[in-house]
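Q: Chain C is already provided as a structure; the job is to place chain S on it using the hints.
Protein sequences appear in the order of chains C and S. Each residue of the first sequence is one higher than the last, beginning at 24 in my numbering. Each residue of the second sequence is one higher than the last, beginning at 10 in my numbering.
Take these hints with a grain of salt, some might be off.
To be verified - Using 20 Å as the maximum straight-line C-alpha spacing, the simulated EDC-like pairs for lysine to aspartate or glutamate come out as follows:
(1) K153/C with E194/S
(2) K153/C with E191/S
(3) K153/C with D124/S
(4) K108/S with D292/S
(5) K108/S with E191/S
(6) K68/S with E38/S
Note that these hints are calculated values from the structure, not bench results.
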Amino acid sequence: MDPILFAIFAGIAVVCGIVMVTQRHPIASALSLIGVMGSLAVLYLLLGAEFIAAAQVIVYAGAIMVLFLFVIMLLNAGAEPKPLRSSYLAGFLGVPMVLALMGLLGYLVKRSFPLDVTVRFGDFTGGSAKAVGDALFRKYLLPFEVTSVLVLIAILGAVVLARKEMD
Amino acid sequence: MDFLLLSLIKTGLVAFVFLTALAYLQWIERKVIAHVQVRVGPNRVGPHGLLQPLTDTIKLLTKEDLIPAHVNKFFYLLAPVIGVAMALISISVIPFGPKITVPFTSIETYLGLTDLNIGVLVPLACSGIGVYAVALAGWSSNNKYALLGGLRASAQMVSYELPLAVAIAAPLLMHNSLSMREIVESQNVVKWGFLYNWSIFSYFGIPFVAFIIFLICAFAETNRIPFDLPEAENELVAGFHTEYSSMKFAAFFMAEYANMTTICCLAVILFLGGWLPPTPGLDWVPGAVFFASGVLMLYHGTVNLARARDRISLPLFGVIFCGIGVLHWIPVLMPITTPLFWFLSKTLFLLFLYIWVRATLPRFRYDQLMHFAWGWMFPVSIGTLFATGLLVAVWK
Numbered sequence: 024m025d026p027i028l029f030a031i032f033a034g035i036a037v038v039c040g041i042v043m044v045t046q047r048h049p050i051a052s053a054l055s056l057i058g059v060m061g062s063l064a065v066l067y068l069l070l071g072a073e074f075i076a077a078a079q080v081i082v083y084a085g086a087i088m089v090l091f092l093f094v095i096m097l098l099n100a101g102a103e104p105k106p107l108r109s110s111y112l113a114g115f116l117g118v119p120m121v122l123a124l125m126g127l128l129g130y131l132v133k134r135s136f137p138l139d140v141t142v143r144f145g146d147f148t149g150g151s152a153k154a155v156g157d158a159l160f161r162k163y164l165l166p167f168e169v170t171s172v173l174v175l176i177a178i179l180g181a182v183v184l185a186r187k188e189m190d
Numbered sequence: 010m011d012f013l014l015l016s017l018i019k020t021g022l023v024a025f026v027f028l029t030a031l032a033y034l035q036w037i038e039r040k041v042i043a044h045v046q047v048r049v050g051p052n053r054v055g056p057h058g059l060l061q062p063l064t065d066t067i068k069l070l071t072k073e074d075l076i077p078a079h080v081n082k083f084f085y086l087l088a089p090v091i092g093v094a095m096a097l098i099s100i101s102v103i104p105f106g107p108k109i110t111v112p113f114t115s116i117e118t119y120l121g122l123t124d125l126n127i128g129v130l131v132p133l134a135c136s137g138i139g140v141y142a143v144a145l146a147g148w149s150s151n152n153k154y155a156l157l158g159g160l161r162a163s164a165q166m167v168s169y170e171l172p173l174a175v176a177i178a179a180p181l182l183m184h185n186s187l188s189m190r191e192i193v194e195s196q197n198v199v200k201w202g203f204l205y206n207w208s209i210f211s212y213f214g215i216p217f218v219a220f221i222i223f224l225i226c227a228f229a230e231t232n233r234i235p236f237d238l239p240e241a242e243n244e245l246v247a248g249f250h251t252e253y254s255s256m257k258f259a260a261f262f263m264a265e266y267a268n269m270t271t272i273c274c275l276a277v278i279l280f281l282g283g284w285l286p287p288t289p290g291l292d293w294v295p296g297a298v299f300f301a302s303g304v305l306m307l308y309h310g311t312v313n314l315a316r317a318r319d320r321i322s323l324p325l326f327g328v329i330f331c332g333i334g335v336l337h338w339i340p341v342l343m344p345i346t347t348p349l350f351w352f353l354s355k356t357l358f359l360l361f362l363y364i365w366v367r368a369t370l371p372r373f374r375y376d377q378l379m380h381f382a383w384g385w386m387f388p389v390s391i392g393t394l395f396a397t398g399l400l401v402a403v404w405k
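Same shape as in the complex, but just chain C:
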């Protein structure tokens, strides 16, 4: 059952990812991004990381929602126009280069992980709320706090940039 579910949702994630890039409509792209996030959440669930799966849906879906609102409200974006004529050079050079990149990445991933370790569904136990909390607030406390300060600075920057001139 697990490998079948994995195949289904991994497939959905990949298809949604491709659709997200190829779609001309920003809202369709945002929706496909939600598809990717949702299927990733199912993959986390399969691995036994329930809390991370729920956080994935709540945080990422909520975040994309804001993106959505921006697309609708501020950009008022319609579908992008099709380019008049597609470039042959891109087709001839691009496809082999993408394939080469994929092959290289696959090779590196295969090289960097030892072969005798296989991932089995349900083996992972660090995905509960307790385990995640322990990891965040004990083992990785400093990186966690530094990251939150970084996010705070980013928020402040966004507020300053987006604020109207009030004088």
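A: Coordinates of chain S only, in the frame set by chain C:
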């Protein structure tokens, strides 16, 4: 018994009861509002209008299903599907009662479909995805009223989700678990000899503040009065579902009522002790309540005629209610019926509160609504979270 078969039976039962209850919730709402406004309410179809939900369903099913020419068809059709699916899913993690043994068999099962160790997060995630239904419906309708409604709804839901989640965190801190069943079990302590330790009764009433915040945010999350700006009919026609007709409109309607019910269940579990009674030794109460109301109906149906032209329905319902009361007193059934009674009566009380508020309060202005969320609800919820955290740290 086989786990799969048992789960299928339970799912079918819960789905049937839940969907019927949603239909009748609308009847209850119309009746209650009517009586608040000194009207009679629906009374033509069946005794007291009791068959009104059935006729409404038939009406909605058989109406012409219109797809306007100017809509973005894919998203327009997708939106109600997302909305109703996400609204109905979250009932699956709500526990209705403790572990029981099915009478006359040796099958042991929990009342409730499933218990996840992230249970509390599932309704939050579902409502997070449910926002897309509203936003997509508003946008894809290609109509400015619908778009305004959709934008208002999604901005409002995103804003109020934050204090809602923070208010939920207070009972989670107290009970140290994310599983709803464990949260209720940890409230199953009698303190001072007469009171079950519901969350709102502990820690000097600070969780009570969290409960109030949760309730207000729940009103806003489900787009109900006084926060129903997204469908303010004197400004926006009908808001995000202006262009929807027939079953697609009914899907949004059903999603609203399902969300209401689920969020009330969540409030009961987190703050009001789930299926626990207020004090120990009240096992005779459920039967007595039903029996007394049955006797009252019999009295008004036979001796003191309240409905002179209809001499069947009141006595009939009187007999049925007496029967239900007697069922609550049968010792074999008591482990099932008593927790269910307490759970459902608390949930129904909260739903009644929803309707009561709808009949009482006017609507906010939009800027007031946003200022209320960010200027009041959010700071107060953070404050209660800090206070609860401090008390938990000191006492435990």
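Q: Taking the hints in turn, state whether each one holds.
A: Cross-check of the supplied hints:
no.: 1; hint: K153/C with E194/S; verdict: holds, 19 Å
no.: 2; hint: K153/C with E191/S; verdict: holds, 15 Å
no.: 3; hint: K153/C with D124/S; verdict: holds, 17 Å
no.: 4; hint: K108/S with D292/S; verdict: holds, 17 Å
no.: 5; hint: K108/S with E191/S; verdict: holds, 12 Å
no.: 6; hint: K68/S with E38/S; verdict: holds, 19 Å
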